[in-house]
Structures are given as C-alpha cells and as structure tokens.
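Residue-level listing of the chains:
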Amino acid sequence: MARYGMAIDTKLCVGCMDCVVACKTENNVPEGYNRDWITEEAFGKFPNINLEIRSERCNHCENAPCVSSCPTGASHYHDIGGVVLVEYNECIGCKACIASCPYDARFIHPDGYADKCTFCIHRVEEGKDPACVSVCPTNCMIFGDLDDPNSEISKQLNSRKHHSLKPVAGTNPKIFYLT
Amino acid sequence: MELSRRRFLQISSATVTGLAAVTSLSSITKGAKKIEEKTGKPAKGIQKIPTYCDLCFWKCSAVAYLKDGELWKIEGHTNDPLSNGRLCPRGTGGVGAHYDKDRLKTPLIRKSERGEEKWVSVTWTEALDYIADKMEKIKIEYGPESMALFSHGVGGTFLKHMIKAFGSPNETAPSFAQCRGPRETGFELTFGDIVGSPERTDIENTKCMVLIGSHLGENMHNTQVQEFAKANKKGATFIVVDPRFSTAASKAKYYLPIKPGTDIALLLAWMNVIVNENLYDKDYVEKYGFGFEQFAYEIKDYTPEWAYPRTGIDPKVIRETAYEMAKHKPATIVHPGRRTTWYGDDSQRSRAIALLNALLGSWGRKGGFFMPTKLSIPSYPYPEYPKPERGRVDNPDERFPFAKGELLANGIREATITGNPYPVKGWIIYATNLLQAIPNQEETIKAIQNLDLMVVVDVVPSEIAGWADVVLPESVYLERYDELNISPFKEGFVSIRQPVVDEPSHQKPNWWIAKELGKRLGLKKYFPWNDIEDYLDTRLKSVGLSLERLKKEGVVKAPKQPIYFEDGVQPNFWTPSGKIEFYSLQLKEKGFDPVPKFTEPESPPPGYFRLLMGRAPVHTFAKTQSNPILKDMMEENSVWINNDIAMRYGLKSGDYIKLKNTDGVVSNKVKVKATERIRPDSVYMVHGFGQRSKMLKSTYLKGASDAQLTTKYKLDPLMGGTAMNVNFVTFEREA
Ligand code: SF4
Ligand code: SF4
Ligand code: SF4
Chain D
433 MARYGMAIDT
443 KLCVGCMDCV
453 VACKTENNVP
463 EGYNRDWITE
473 EAFGKFPNIN
483 LEIRSERCNH
493 CENAPCVSSC
503 PTGASHYHDI
513 GGVVLVEYNE
523 CIGCKACIAS
533 CPYDARFIHP
543 DGYADKCTFC
553 IHRVEEGKDP
563 ACVSVCPTNC
573 MIFGDLDDPN
583 SEISKQLNSR
593 KHHSLKPVAG
603 TNPKIFYLT
Chain A
1014 MELSRRRFLQ
1024 ISSATVTGLA
1034 AVTSLSSITK
1044 GAKKIEEKTG
1054 KPAKGIQKIP
1064 TYCDLCFWKC
1074 SAVAYLKDGE
1084 LWKIEGHTND
1094 PLSNGRLCPR
1104 GTGGVGAHYD
1114 KDRLKTPLIR
1124 KSERGEEKWV
1134 SVTWTEALDY
1144 IADKMEKIKI
1154 EYGPESMALF
1164 SHGVGGTFLK
1174 HMIKAFGSPN
1184 ETAPSFAQCR
1194 GPRETGFELT
1204 FGDIVGSPER
1214 TDIENTKCMV
1224 LIGSHLGENM
1234 HNTQVQEFAK
1244 ANKKGATFIV
1254 VDPRFSTAAS
1264 KAKYYLPIKP
1274 GTDIALLLAW
1284 MNVIVNENLY
1294 DKDYVEKYGF
1304 GFEQFAYEIK
1314 DYTPEWAYPR
1324 TGIDPKVIRE
1334 TAYEMAKHKP
1344 ATIVHPGRRT
1354 TWYGDDSQRS
1364 RAIALLNALL
1374 GSWGRKGGFF
1384 MPTKLSIPSY
1394 PYPEYPKPER
1404 GRVDNPDERF
1414 PFAKGELLAN
1424 GIREATITGN
1434 PYPVKGWIIY
1444 ATNLLQAIPN
1454 QEETIKAIQN
1464 LDLMVVVDVV
1474 PSEIAGWADV
1484 VLPESVYLER
1494 YDELNISPFK
1504 EGFVSIRQPV
1514 VDEPSHQKPN
1524 WWIAKELGKR
1534 LGLKKYFPWN
1544 DIEDYLDTRL
1554 KSVGLSLERL
1564 KKEGVVKAPK
1574 QPIYFEDGVQ
1584 PNFWTPSGKI
1594 EFYSLQLKEK
1604 GFDPVPKFTE
1614 PESPPPGYFR
1624 LLMGRAPVHT
1634 FAKTQSNPIL
1644 KDMMEENSVW
1654 INNDIAMRYG
1664 LKSGDYIKLK
1674 NTDGVVSNKV
1684 KVKATERIRP
1694 DSVYMVHGFG
1704 QRSKMLKSTY
1714 LKGASDAQLT
1724 TKYKLDPLMG
1734 GTAMNVNFVT
1744 FEREA
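Residue numbers (the numbering used here), protein chains in the order written: chain D, 433 to 611; chain A, 1014 to 1748.
Think of the hints as simulated: they come from the structure by calculation, not from any bench. Where hints are given, some of them may not hold.
Stated by the list, open to error - Reference listing, derived: stretches of chain D covered by chain A, where coverage requires no fewer than 3 residues with Cβ under 8 Å from a Cβ of chain A:
#1 444-458
#2 525-533
#3 570-580
As the list claims (entries may be wrong) - Pairs of lysine to aspartate or glutamate, EDC-like flavour, derived with a Cα cap of 16 Å:
#4 A:1114 <-> D:463
#5 A:1684 <-> A:1747
#6 D:477 <-> A:1657
#7 A:1601 <-> A:1311
#8 A:1295 <-> A:1306
#9 D:477 <-> D:579
#10 A:1715 <-> A:1668
#11 A:1266 <-> D:484
#12 A:1150 <-> A:1411
#13 A:1673 <-> A:1747
#14 D:477 <-> A:1689
#15 D:598 <-> D:463
Glycine included, every Cβ here is placed at the ideal spot set by N, Cα and C.
Hey, can you work out the whole structure from these sequences and the hints?
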C-alpha cells in the first residue's frame, strides 16, 4: 500500500504561485477560494535576512483531526495512498472539520460542502503528478510514496534536512519542507 | 552604429523539413460550436490544441484543453524550448483572459470629452470607416508621417505593417525607451550586439550569476526562472545587488544592499579589483578586446575603498564577490537585467555590466552569454513600402546620438506636444497602456489633446482606452491566430498561435482589423492574402512546412547548432573596431565618457523615500489585473516600508496610506507592508495597480499606481530612455 506525501524544496521555491494557479484551473476552484497558498517567513534584521517560502495545502495527515471531527464520515482516508478526502455528497457543511484543522486548509465551497486539496487523486490514479507539482517552474515539489524507499521523495527525505508544519499538533502531516 | 540589427546564426529552413512529428495532439478543430457544426453532435471529452501564450512577451508554447467543448486549462508544451512543458503562473492563468468580465465587447466611439469615458457602441463598419476617414484627412493635411503607432507584443505585427504601408515611419513600443533600451545600447556599444529577447543568458550552465536589481522569481520570464532553479540546484553562486531583499536575494550567497543609484560605483570597483589583481580572462581580452590599456588606466583609482562610502558596500565584500566571479569565469553571468530605465545613467551602467562580462570572458561562452540561433523563415512577399518623405519624428537633430534602433515612445509623445520636428496628429495604440508605461501622465494627456484621432485596440478597457476617440475590442490570444513565433534562442524553432475557442461577443483579431483598415485606406495591394491562414501557410510553405503541420504540432524545432565560441561559433563583434570596445571612441567622439564614470545620485529630501518598482510573478505590467484567476492571486499591490521607518511613522502592515511625491501628486490608497526586506531610504511597489479606468470595474482603484507618482523622469543622454527610479514619496494618512 502506498502512502502518498509531498516534499517541497524551499531552497528552490520562489513563491511564484504557479502551484496555486494550476490547482485553480485543474480543479475548477471557484473565484475567491484556493486549495493551496504561499507563506513567506522572513527572519533577521536588514540586511541579514533569512527568508523561507513555502507552498502550503492540506497536509493529508495520518492522524487527521478533520476526519475524526466529521459527524457524517464525509471526511475520510482514501483507500489509495491514505489521501484525506471529502465525500461531497455526504458533507452537510457543518464546518466541524474547518474548526479542527490546524492548517486552515479547508473552506466551504459555494456549493455547500467542505473542500480542500485532494492531492489531485484523479491525476495520480492516471499515473500523473498532481497539477501543482507538474506546473512548478522551479521543479521544487516532489510527490510520491513515503513507504517506497526507492521513491524520489524518500531519497530526498533521507538525505536532506526537512521539517513539517506544527508537528506538536500531533497530526502526522505528510507534507515536508526541505531546507 | 545600427542598433537592433541582431545577427543570428540563421538555420536554413531546409534542415527542418522532414523532422519527425513532435506531438500527436488530437484535434485541430476549435471550440464547441465548430465541432457541433461539423459533426452535428455536441462536443464531448477532452480536446488539446497547441498555441503560444500571450500573457507576456516571452511567447511560451502551450497546449490548451477543452472539456466538453468548454475552455478548461492551459499547460506548457513539452516540445517547447521556452516553457519545457511548464508555463509561468500568468500563462497558467491565461484561460482567465477569455473569461474576463471586463472585456471590451463592441467597438466604441467617444461621445463626450476625452477621458470622460462616455461611449456609443457602434458596428465594426462604423468604427473602421470613422478611423479611415480621419486617417485620410490627417494624410492630406499633414502627411502620412503624422500618424503614429504604439504597440506591444506580437499582435502588433499587422498594424505595424499597415502603418508602414500608409507611409509613416513612426512606429514604436514602450518596451524600448521605457524598458530594455539602455541595456541594448550599452551592450551594442561594447560587443556590437544586443542582449535581445529572450535574453541570451546561459543561466542553466552558469556557475556564478550576479543579479543587479534584476528580480528573477518575481520577474517570471519563464525559461530564466526555470534555469535559475536548475543552476541553484547545481550549486551555482548567486550574488544579488538590490536595495530590497528580493526573492532572488534569499537564494544568494552574497546579498549586497546597495544604496540606490550607485551601481556604477560598485561595477567600477569590481572591475578595478579584477584588472589590478590580474583576475581577468587575459587570452580573451587580448584576442577580442580594443582599448584595454586606456580602459585599465581610466578605472585605476576606483578601488573598493573608493566605492564604499558611495555604495555602502563593505570593501571586503566587494573584493570577495569579485574573486567569486573571477573564480568561475567564463561561466559567470553579470545579468544585464531587463527594465533598465532607472537613474538616467542607464546606458553607461549597462555598458559597465557589459565590460565586466567582457573581463570575465563570458560573452559567447558556456555558462555566460550564448549566441542565439534562429530558424529562418522569409517574411511574406509584400510589395515595397512607400518611402516616407520625412524621417522619424522622435529624435530631432539626433539629440540622442545612440537612439538608432527602435523609436522612442517618449520622443513621439514630445513631438505630439511641441509639433517639432513636425506635427503628430493621430495615434493608434495597440495592447499597451501608455498611461502606465511612459512616465508623467500629465504629458501623455497633454499630447493626446493635440490629436485629431486617437484609437486604442485592446482586449480590456485599459486606462489609456478611456482617453481614446475610438476603442476597438480585440479577440484574446486563445481566440485568434497571430504571427509565427521564431524567436532567437538556444535552438531554432517556430511555433504557432491559433484559435482555441470562439470570441464571446463582437471581438475581432488584430490581423482582420489591420486588413480591413488597409482596404479602406486604399492599401489593398499590401494585403494580398485572403485571411491569416493563407498568410501563415504561405510563409510556412516557403520553407517546406505547412499551417496544417504547425496546427497539429504547435512547435517545430530545428536541429541543434553550436551556440558558444568554444563549440565553433565564429566570434564577431559589430563595433567600429570589430572588437569588444573597452574604450569607446564613438562615445568619445559624441562627447560622452569612453569608459563609464560614476555620478552621485540625488538623495531623498528629508521625510521622503525613493520610490522603487518591480514585478509580481502573477501579473504582467498593467495588463492582467482584471483576469479573474490572476486577480484572485493578487488583487492589489502594497507599499513595502522598512520596519524601523514604519514604526517611526506609526504604521503597521495592513494599514492603508496614500503616497505623495515631491510634485504634490497623491496616490490612491495602498496597503502598508512593513518589512525588514528593504532599505530604510526606499519604498517599493509592484507596478500596474491603482488603475483609474471606470470601465475596468474589477480592478478600478485597487492599490496604488507607481506610474502616477512617476512625474519626474531623467532622459538617458545616449539613447533617450526615460529613467523612472528618480521620484521620492512621503506618507499621507488615509483620511
Ligand atoms: S509553483 Fe513552485 S516555485 Fe512557484 S510557488 Fe509553487 S512551489 Fe514555489
Ligand atoms: S495536489 Fe492538486 S488539489 Fe492539492 S494543492 Fe496541488 S493541485 Fe491543488
Ligand atoms: S513567461 Fe509566462 S506569461 Fe510569458 S509567455 Fe511564458 S507562460 Fe506566458
């Protein structure tokens, strides 16, 4: 069984938002909403500054509070790769998941259901990379199977320093930032 | 000296014929309606149609996707040397251009004072008859030279043709004198050739790149950003010189927070170290250089210690970075930048950059500057243009002796105001928002008041459209054919733009507009083709290709050719000496410094800050702000203010303020971004916002316009470009 995750090289990322735009067109994300976004964090005092730029989205957590807080079971772990998904037809739009997500990754779609990044499972099932990964002009995102020691993502995570977001929340996020 | 005559290795067309098909794209029928007409059935499933992007001038090839006949998304074309299968964020958001609610729908004729934006919708026949009639009157009363065309981008091709056939030499684009011009002049004076577009920087193979004010990553020239990341991955050293800690600065080993306007001092000091310590490429300089001894003498006093009080850069850092550049030579690029109209000494700064590259031997070398190749496709066999009786209007008495290539948009504006050397009475403006592009909006409006005819052709009602007599709605790139793209690059290629969907209302493509105007102006013989398919097929067939093939494949590449001296490209320098001119006699002859010299920039008056501007990755100029997808990425700009200054003024991020310049011009309200990432003496804004066209509803008065605050500009004495980073602003609380 695959366990899908993403590693994003912050040394290469330029924060251009192409990943955000590509997600929007690929997935018809409505005007005013986005499934992924860019965070820039600057440390230090001018001119000695460190800047980390991150492309962020749902972390497809292994211990996902959105799944455990969902009263209908609409939020669930997909059979393939442990991707966290919402079954739109079962979602009642109660926002429990939105309140519980430490990453603010979810929003209520104008059609009334909770929506967020799907890891482009429709593409992944066709053997393609997610839209954001395949558009990135700096090629800084790697999508793949964390359980396969030979996957590019595993190799990168084994050989480079990395961190994930809010590890203390205990969610076991599957998006990693290479630094 | 002839500017802008680039010499390429022209690959003969014969070599491309018979190349294997590059992609198998499924359909060449465009749009749902067409499919229904053909098959009688509604379109179903996915169709892919190749075309090239128009969100900026880079012209990446792409593949547009239709889902059940509706425009869905657009991706990079994998066989395209510019995009390598990945578009930049603007290109990816290109589908938004088709869906933009603010698009112009019908031709409009003004019904009250200019600039009041009151219109009557008219038919194409009415609009074109009106324009042709006015153009004829101008021709009779003032001569054909009194019509001028400002255009930007490949779409201007057919209107340029029309205006030349009409008999006017006055055709220009603000992309020269407001943008790349100084750089091209500085490089041409030194190497006898321009940098060109796409830039001939071999970033992918560089081991060390110096970016001076150039903010790759925010400036999204697709291939350059891709190569920047590749070089980064391979461990190249980056040296970033910028008053603002740019995204690129965050990737750099050395960040030099230079005092604005002092780049020449830094460049001179770098060259001083490299020459004095014998770190330059001696063989290269000996073989190809002219006037090196005099040059070395001229720069002998400009030590890092001399540069320190001027630039604020530690002499130790100047030395270390010079060593770093020398260590990696010739695979070192001192990047020439793109918009180089900054402080008024811009051609000389660009020349200093060229000279530093020459010392490092990087021109013509791998990891430095490659020698572009280009597929050669003959132009359409038109009859010869009439010879204008009067020459170009923009540079009377050769006031700017090195303004020899493209015309100065500001020069045409000035002639329109003064009537000197002769009156300009008609402007056609294609796809460029002149109010945002040329500094000092008041002068532009003053010039407009002298016109008998002002026409704007565009896809959305830009600010300048508000001042037109006639506005013509153009199809967006996804709905039209255009000229072929045969840009010079690392490999020769040709790519096509073709319609993917139908126009939503009465918009028309530029080639049709030009042909229809030509017909009315008695220029029929200059438009011998029936339509653009006929035109494109004629050009392509002349080299053994065809429209049918291009429509299917999108891009056809030529076989690779050598692009470096070391691979056999013959070094040629089209300067008067035939060599790289370290010392320029032609500059000396015209009374300019033969080797660049430093002049102290003005300091901001107390309580004022230098206004700097740049690009965001999700917008192009002032063109894309109403695109619904890109608007969602960035709806307004903000003003970057150093934290300490913000604190002193009691400002915090998210506050709205207004900016006031030293001429008393006050901007629209703009959000504060208090940050460590900028010098305390400067503020920064992304260009293109704060637009005041009421028809542009979705972006009306969103953010502030740096162009509005750019009332002052300095003219480059060599080539007449307009330097814009010479304005100072202070803060006003939002009332
Ligand atoms: S597309 Fe790539 S470089 Fe651009 S912001 Fe996203 S992750 Fe970063
Ligand atoms: S994986 Fe797909 S859904 Fe998730 S952010 Fe990327 S493009 Fe959007
Ligand atoms: S750089 Fe971006 S906007 Fe420009 S042509 Fe390429 S994809 Fe289009």
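Here is how each hint holds up against the structure:
Check result for the segment 444-458 of chain D against chain A: holds, 12 residues qualifying (beta carbon to beta carbon below 8 Å, three or more required). Given a C-beta distance limit of less than 8 Å, the hint that chain A covers the segment 525-533 of chain D is violated, as 0 residues qualify and 3 are needed. Coverage of the segment 570-580 of chain D by chain A holds [criterion: at least 3 residues with CB-CB distance below 8 Å; count 3]. A distance of roughly 12 Å separates the Cα atoms of residue 1114 of chain A and residue 463 of chain D; the hinted pair therefore holds under the 16 Å criterion.
Proximity of residue 1684 of chain A to residue 1747 of chain A is assessed by CA-CA distance (about 10 Å); at most 16 Å being required, the pair is judged to hold. Simply put, residue 477 of chain D and residue 1657 of chain A have alpha-carbon atoms about 10 Å apart, close enough for the 16 Å limit, and the pair holds. Under the criterion of a C-alpha separation no larger than 16 Å, the hint pairing residue 1601 of chain A with residue 1311 of chain A is consistent with the structure, at around 13 Å. Using a Cα cut-off of 16 Å, the hinted pair residue 1295 of chain A and residue 1306 of chain A holds, with the two alpha carbons roughly 12 Å apart.
Pair hint residue 477 of chain D plus residue 579 of chain D does not hold up; C-alpha atoms about 41 Å apart against a cutoff of 16 Å. Pair hint residue 1715 of chain A plus residue 1668 of chain A holds up; C-alpha atoms about 14 Å apart against a cutoff of 16 Å. Taking the CA atoms of residue 1266 of chain A and residue 484 of chain D, the gap is near 15 Å; set against the 16 Å cutoff, the hint holds. As the CA atoms of residue 1150 of chain A and residue 1411 of chain A are separated by approximately 29 Å, the hinted pair breaks the 16 Å bound.
Between residue 1673 of chain A and residue 1747 of chain A the alpha-carbon distance is near 12 Å, which keeps this suggested pair within the 16 Å criterion. Distance hint between residue 477 of chain D and residue 1689 of chain A is fulfilled; the C-alpha atoms sit about 6 Å from each other, no more than 16 Å. Under the criterion of a C-alpha separation no larger than 16 Å, the hint pairing residue 598 of chain D with residue 463 of chain D is inconsistent with the structure, at around 29 Å.
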